[in-house]
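Asker: Since the structure of chain A is already known, use the hints to place chains B and C on it.
Same order as they appear, the protein sequences are chains A, B and C. Note that our numbering gives residue 207 to position 207 of the first sequence, counting from 1, and the numbers run on in steps of one. Note that our numbering gives residue 235 to position 235 of the second sequence, counting from 1, and the numbers run on in steps of one. Note that our numbering gives residue 449 to position 449 of the third sequence, counting from 1, and the numbers run on in steps of one.
Everything labelled a hint here was simulated from the structure, so no lab data went into it. Even for Gly, the Cβ is constructed at its ideal location relative to N, Cα and C. Just so you know, not all the hints are guaranteed correct.
Unchecked claim - According to the in silico footprint, chain C covers these stretches of chain B (three or more CB under 8 Å from chain C):
#, region
1, 52 to 62
2, 124 to 138
3, 167 to 179
4, 233 to 241
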Amino acid sequence: MTTTLSHRSEDLTDVPAPATKKRRRGSILLTVLTALVSLYALVPLAYLVINSTKTQQGLFTSFGLWFDDGGHFALWDNLRETFTYQDGIFLRWLGNTALYTVLGAGGATFFAVLAGYGLAKFDFPGKRGVFAIVIGAVAVPPTALAVPTFLMFSKMGLTNTPWAVIIPSLVAPFGLYLMWTFSAQAIPTEMLEAARMDGASEMRTFFRISVPLLAPGIVTTLLFTMVATMNNYFLPLIMLKNPDWYPLTVGLNAWNAQAATAGGQAVFNLVITASLITIILLLAAFLLLQRYWQSGLAAGSVKE
Amino acid sequence: MAVPTLAAPPAAVRRRRRRSFRGWQFVGPFMIVFALVFLAPIAYSIYLSLFRNRLIGGNAFVGLDNYTQALTDPNFWSGVGRVGLFLVVQVPIMLFLALLVALSIDSGRLYGKSFFRVSIFLPYAVPAVVAALIWGFMYGSQFGLVGSLNDFFNVTLPDPLKPSLILASIGNITTWEFTGYNMLIFYSALQVIPKSLYESAEIDGASQFRIITAIKLPAIRGALVIATIFSIIGSFQLFNEPAILRGLAPNSITTFFTPNFYAYSLTFSGQQFNYAAAVAVVMAVITMIVAYVVQLRGNREF
Amino acid sequence: MLKSIKMAAIASAAVVALAACGGGGGDNSSSTTGSAASGPTVSDADVQAALTKGGTLNIWAWEPTLKQATAAFEKQYPNVHVNLVNAGTGDKQYTALQNAVAAGKGVPDIAQIEYYALPQFAIGKALDNLTGFGAANLKADFTPGPWNSVQNGGGIYGLPMDSGPMALYYNKTIFDKYKLPVPTTWDQYLDDAKKLHAADPKAYITNDTGDAGFVTSMMWQAGGKPYTVDGTNVGINFADPNSAKFTALWQQLITQKLVAPITSWTDQWFQGMSNGSIATLATGAWMPANFVTSAPSGSGQWRAAPLPQWTAGGTASAENGGSSLALMAKGANKALAYGYLKYVNDGDGVQVRIDNGAFPATTKQINDPAFLNTEFKYFGGQKANEIFSKSAADVLPGWTYLPTQVQSNSIFNDTAGKAYVSGTSLADGLKAWQDQSLKYASDQGFTTK
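Bound-form chain A, shown alone (with noise of 0.2 Å):
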């Protein structure tokens, strides 16, 4: 039997054209190709799951890529270390994390699936100049936009506060670029031109009929905005003063930084455990999208 799950689902969403229901079947010379790739993805992070094991002791005395054989399994204790330590104030991190990320990448998604979309179906003054800007502007290295942006939002007052690392995610170029070729492909302009005719308004025509439409190219780029917000460093590290509001990873950095510091306590087993927790709960959200992926994909095949 090869024939898994996914194969099953995906036959299901292919269009009904007749006669071509012959199975693929799987290779193995290709499976074992891309678990080669697969392999070279992982094993680094493998590291990060053994290591998140071991004691702050059993890491620098211990052959990184194994178990710390003589050492005590510490996995239970370094989770709890992690959630208690200075406070707990990791949940609170955590909890900043998602709240930058839900408001970010979702705002970020929302903006691009509205803007791609408007590029896509409509034809605008100005609509030529959009992308050219959009790509000019990203070609300026953001380090050094760091300051100016720091001095103008500090003159706006938005430094310190979440806004200040919110509304930078809120641009997402690449979701834009995304979004304007999904809604390219995937949303017939005579069903719009239909609906038009119906004398719905464009944005409720937009939110019934071509969000669902567009919807694996939604999931899509919420998913590369999510994994955007969620590694944003840089800026929450200049606009951020205040613990209590930082991300996940300025917060990460901090604890690593410490043990660089005169008389600071080295934290490695945490960092190396809160970051193993962090990309967990990345892969969980990223499954979790998978679903609406599929689901996605079969309501984009209605345009054929």
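Answerer: The following block gives chains B and C in isolation, referenced to the frame of chain A:
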């Protein structure tokens, strides 16, 4: 257009429609935030780049002095040269690998494709501080993975952090991080191609290879071009990886290792944000020119 | 321009705040709003009044023991609320400070600034001169190295928080195993380095991949005075005969590959200290706390010893690291802030910080029998503070850092760092460092020679 292309949008949107401002109600919100977050700081940077703030003597208007300094700054150009080399070598390798994986996942002939899709994407999600720990261990020639391999096989592998290898080591990290990212872009572009298209080609007896070259690749040309452009921008803005590895190999990675890192060092260690702004503007112009050329070529031929 | 108007506005706001805090009678107004250099004048009575009256203080610092000292402070002065924020370590925090100063908003009242970075902020008029607060009277309270470090151009720009009189930490197990003498001179150190590495090719006398702070401290101990600063005139000469002693010694260690190519504060460094492949470290007295948390399995194996000497029988020492707390010129609540400074750096807070692992800069504590008799479990029960205290007293006077030291240290590895990884000689590398540092100083408006 027989094949629905994900080609670069300007080419894709051929149909003439009534021009009206209605589109702006969709594009407007994005552009407002964009103007606040990108355009205003850029404008401010350009303004700042015309000044020079000194510890002794304070702030003064210096016109284009910072630009003439940047254009003749050997540190800046050595950074540009380095990212140029990086661009020519690393980007093709990474994109090719990403494309192969995307095609094989899309082929429907993989066992456990969901697993591969997730696992290969995962490195992109690793925060930089963690990547530093991980790769610090991997590259450690004394007690790290390299050191252990040396002991185990009784060989002396070259130190991946020495100056002559550092760029390749950074390239490896970038490839590790971004292959999955690009793979997902290609994969989602492939998903939009109606399956019926190549299924009927299959019935006509076309080989898989032929289907890839004749249907799939042209169909995702737009995605390929844009991924290339974003990778170019990414290479020219290379920052995180050198910043991470500098803690381990301070002598291999100079403060002007890449133009972006140079702008950072100028701002953060030297308080020269006026000059850093000028460096950034020059770098942006270079990036735009290269990206524009690539886009022109990419849209013309595959 | 707009900016300068804003600055003046903020400066005067600070004065108003200051007057408000100082209570009635004191002569507590700064002479002019424009010149922060001359600084405000605040009497002890003003400070006491402010502490009793209370208020809120914003502090940026990363020193870990300040947390406990601040708690003790708030307990003693219940009306004072302290926002202690870790705004980043070292130059990350300095950038944040400069940004806040430039924006004219969100400047803390007090900031932690390392000694090597203090001149830059003092010259940049970002800090209050504490002379007007009567800080000059505190001279006898502090050990000479740190006290000298907070002086700049006749002003006092911070109170020393901790210090790093240098010592040689060595792994006794390794020294015993190979029957090596604990080096008392640098020649002996070189000798030990050779013997050790010959006996065990995996072991090194120390690790080094080039560290500006270490190099300058070593030159300091050798009696070198490579930096000369006179107002806005700065000069650098790493080739001066005493500084060159260090260069010559270290060149031999590098050329003969006797130092482990491991960068400090990395994973491999902590491993090397734990597994016996790094045999010594010459660094500041703040190191023991780091040993305990970062290389716990080396416990019992390590000991402290006086720094090796350049001439047999000498006692010369130097400072490595350490930082001060300074009042930001654009901060508020000056009298209150100074009260805090005195409490944590000179008063009761010092002992709290020592109890939590800090190494003080105050003579009272450093000469305190209880302090001197403290047994370090990590050092096998050794009374290491005796060595550190002696070292603090033996720090050579007359050292000064550049007013552009932060930038200068940041480019050390671009220039001198070449000597650690290629055929470039250390002397040539240092010459390049010197040239580029001077160029930056000159770009910043200093007169260089």
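Asker: Tell me, which hint numbers fail for this structure?
Answerer: 3 and 4
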